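Peer 1: Residue numbers (this note's numbering), protein chains in the order written: chain A, -11 to 243; chain B, 8 to 259.
To be clear, the hints were calculated from the coordinates, so they are not data collected in a lab.
If you're wondering where the values come from, they're calculated on a predicted model, not measured in any experiment.
Don't be surprised by glycine CBs; every beta carbon is placed ideally from N, CA and C.
One thing to keep in mind: the hints can contain errors.
As the list claims (entries may be wrong) - Distance windows between CB atoms, simulated:
#	chain 1	residue 1	chain 2	residue 2	range
1	A	F4	B	A151	16 to 24 angstroms
2	A	R15	B	V33	38 to 46 angstroms
3	B	G74	A	R203	30 to 38 angstroms
4	A	G25	B	S16	47 to 55 angstroms
5	B	P124	A	R9	14 to 22 angstroms
6	A	L170	B	T70	22 to 30 angstroms
7	A	N26	B	V33	46 to 54 angstroms
8	A	A2	B	Y149	49 to 57 angstroms
As the list claims (entries may be wrong) - Straight-line C-alpha distance at most 20 angstroms; calculated EDC-like pairs for lysine to aspartate or glutamate:
#	chain 1	residue 1	chain 2	residue 2
9	A	K(-5)	B	E69
10	B	K148	B	E134
11	A	K(-5)	A	D197
12	B	K148	A	E19
13	A	K(-5)	A	D103
14	B	K123	B	E134
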Amino acid sequence: MFRELGKMVVLFGATFRALPRVLRYRRNLFEQLFEIGNSSLLMACVLSLFIGGVLSLQAGPLLAQRGLGSMLGGLVGASLAKELGPVMMSILIAGRIGSAMAAELGSMRVYQEIDALRTMNINPIEYLVLPRVVAISVALPCLLVFSLLVGCAGGAFVAAFNPEVAVSSAAFFNNLRSTLELRDILHGLIKTFLFAVTVGVVCCNQGLDTLGGPRGIGRSVTKAVVNSIVFILVLDYVITRMLLPLTKASMAGGF
Amino acid sequence: MTPVPSAASGVAIRVCQLRKSFGSQVVLDGVDLDIRPGEIFVLMGPSGSGKSVLLRHLIGLETPDSGEILLNDTRLEDEGIRDRFRLAMVFQSGGLLNSLTVGQNVGLYLSEHRLKPPEEIERIVQEKLALVHLGPGDALKYPAELSGGMKKRVAIARALVMEPQVVLYDEPTSELDPLVAVTVGREIVRANAVTRATTLVVTHDRDLAFGIAHRIAFLGGGRIVEVGTPEAIRSHPDPLMRRFLSADFTRD
Chain A
-11 MFRELGKMVV LFGATFRALP RVLRYRRNLF EQLFEIGNSS LLMACVLSLF
39 IGGVLSLQAG PLLAQRGLGS MLGGLVGASL AKELGPVMMS ILIAGRIGSA
89 MAAELGSMRV YQEIDALRTM NINPIEYLVL PRVVAISVAL PCLLVFSLLV
139 GCAGGAFVAA FNPEVAVSSA AFFNNLRSTL ELRDILHGLI KTFLFAVTVG
189 VVCCNQGLDT LGGPRGIGRS VTKAVVNSIV FILVLDYVIT RMLLPLTKAS
239 MAGGF
Chain B
8 MTPVPSAASG VAIRVCQLRK SFGSQVVLDG VDLDIRPGEI FVLMGPSGSG
58 KSVLLRHLIG LETPDSGEIL LNDTRLEDEG IRDRFRLAMV FQSGGLLNSL
108 TVGQNVGLYL SEHRLKPPEE IERIVQEKLA LVHLGPGDAL KYPAELSGGM
158 KKRVAIARAL VMEPQVVLYD EPTSELDPLV AVTVGREIVR ANAVTRATTL
208 VVTHDRDLAF GIAHRIAFLG GGRIVEVGTP EAIRSHPDPL MRRFLSADFT
258 RD
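With these hints in hand, go ahead and build the complete structure from the sequences.
Peer 2: What follows is the structure, given as structure tokens:
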């Protein structure tokens, strides 16, 4: 486990050092960005819509019973921006994009494509890992913003049409606007960015480490997704703990 | 036997006491080898004798436990060796990047290192593809659309684009029918004649080895058993070599 962790740190270091040369690989970068957007936007939309909806469904009646129904917008928005959005989007991307990265790099390793790059004096980290890690780090925060908008719309819809909640869309969004601050969104974006880098590095490392043919590729994909989720959840606690002082003020003001 | 090209631009390769183990398994146990500039040198031996591992050492994909490899008396691990010598390898599976077209694969070295403008790369790609009997239409295909023989030829074209001084072939005729294997063998000889690069071929294919080699080395038990001309190897009395070279279905 520590060996794998060490390999990931080394890969992250090498990728970070190669960062100034990222524009050299812009074709690969745009391909990856397109791939991430194309394959995850619809899923992100559906996921966010229902997460926002279920938040309203669960919290709405409880708040309404206590005469706090008007605070639902802020609750849904803050939950989505700071916690559920970053974690759910990162897990979605780990499952959908991270697994594909691990499978692709694993297959390239097994079928000697990475060796072929090395023999042509092309650094596989710059050519393969750098565009993927940068693309996922750019795309995931964008997906969070998208997810926040769609999730709030889902929450507002359920709040308005569920008789047990019965909070109008105007009241929902008024409370959302007065509660949710820029730093809350920033909190979510920082988290998402760090999760994205983690998912990128974990999945690329697993792909590059693949041994033993098609079975090895399968093993790598499973390990990449499982390790990514574990890292996301552990990092989530650590980052939340570190960023909490920054957002305490807004929580006190909002609720 | 084809004559060794004169005024060779290839480099001399010297392998000295090369040792490599994977865990407790000793794969290379003190290999010594001298390969002359520009010659086609074939490395033969039974499965698991360490031929491919030796080849991977020569291109720098493996690091030896001890011993050294010299290219024109310069150590392979020396800083900047890749700037001084161009080494290319044709992998057993071809090693073509599946996400790129044939043309992009062949021109990858030039485009990634920005050695030529795109139009020039396009011209060179077509020229090298023609050299291995592939047409302009093939440049637009993806590796998944190619037969095994075509993949090997594309891999040879990709190696030639580097204008290499050393070309290494790992089992170039494996998984090919005899007709395609002969074609690939001819491509290797033609590439050697055009580039004058030192050519090292690892193979089990006895017909290919005796058909194209200037010299053959036989590797057994992690050591070089014998190095010599095809004629000398064919008549060598070593029992392992005799068994390997004379094995066929009717006698077994």
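Peer 1: A separate judgement is required for each hint: does it hold in the structure or not?
Peer 2: So, going through the hints one by one against the coordinates:
1. One distance hint, 16 to 24 angstroms for the beta-carbon pair F4 (chain A) and A151 (chain B), is violated here, with the actual separation near 34 angstroms.
2. Between R15 (chain A) and V33 (chain B), the C-beta spacing of about 45 angstroms keeps the proposed range 38 to 46 angstroms intact.
3. A hinted range of 30 to 38 angstroms holds for the C-beta pair G74 (chain B) and R203 (chain A), which are about 34 angstroms apart.
4. Taken as a hint, the range 47 to 55 angstroms holds for the pair G25 (chain A) and S16 (chain B), whose Cβ atoms sit roughly 48 angstroms apart.
5. With their beta carbons about 20 angstroms apart, P124 (chain B) and R9 (chain A) fall inside the hinted range of 14 to 22 angstroms.
6. Our hint of 22 to 30 angstroms for L170 (chain A) and T70 (chain B) is violated, since their Cβ atoms are close to 52 angstroms apart.
7. Restraint check, N26 (chain A) to V33 (chain B): a C-beta distance of roughly 50 angstroms satisfies the suggested window 46 to 54 angstroms.
8. Remark: the range hint 49 to 57 angstroms for A2 (chain A) to Y149 (chain B) is contradicted by a beta-carbon distance near 29 angstroms.
9. The suggested pairing of K(-5) (chain A) with E69 (chain B) holds, with an alpha-carbon distance near 18 angstroms, which does not exceed 20 angstroms.
10. Of the supplied pair hints, the one linking K148 (chain B) and E134 (chain B) holds, its CA atoms being roughly 17 angstroms apart against a limit of 20 angstroms.
11. Restraint check for K(-5) (chain A) and D197 (chain A): the C-alpha separation of about 9 angstroms stays at or below 20 angstroms, so the hint holds.
12. Distance hint between K148 (chain B) and E19 (chain A) is fulfilled; the C-alpha atoms sit about 19 angstroms from each other, no more than 20 angstroms.
13. Only pairs whose Cα atoms come within 20 angstroms are accepted, and K(-5) (chain A) paired with D103 (chain A) is accepted, the gap being roughly 18 angstroms.
14. Between K123 (chain B) and E134 (chain B) the alpha-carbon distance is near 14 angstroms, which keeps this suggested pair within the 20 angstroms criterion.
Violated hints, in rising order: 1, 6, 8; the structure is consistent with all others.
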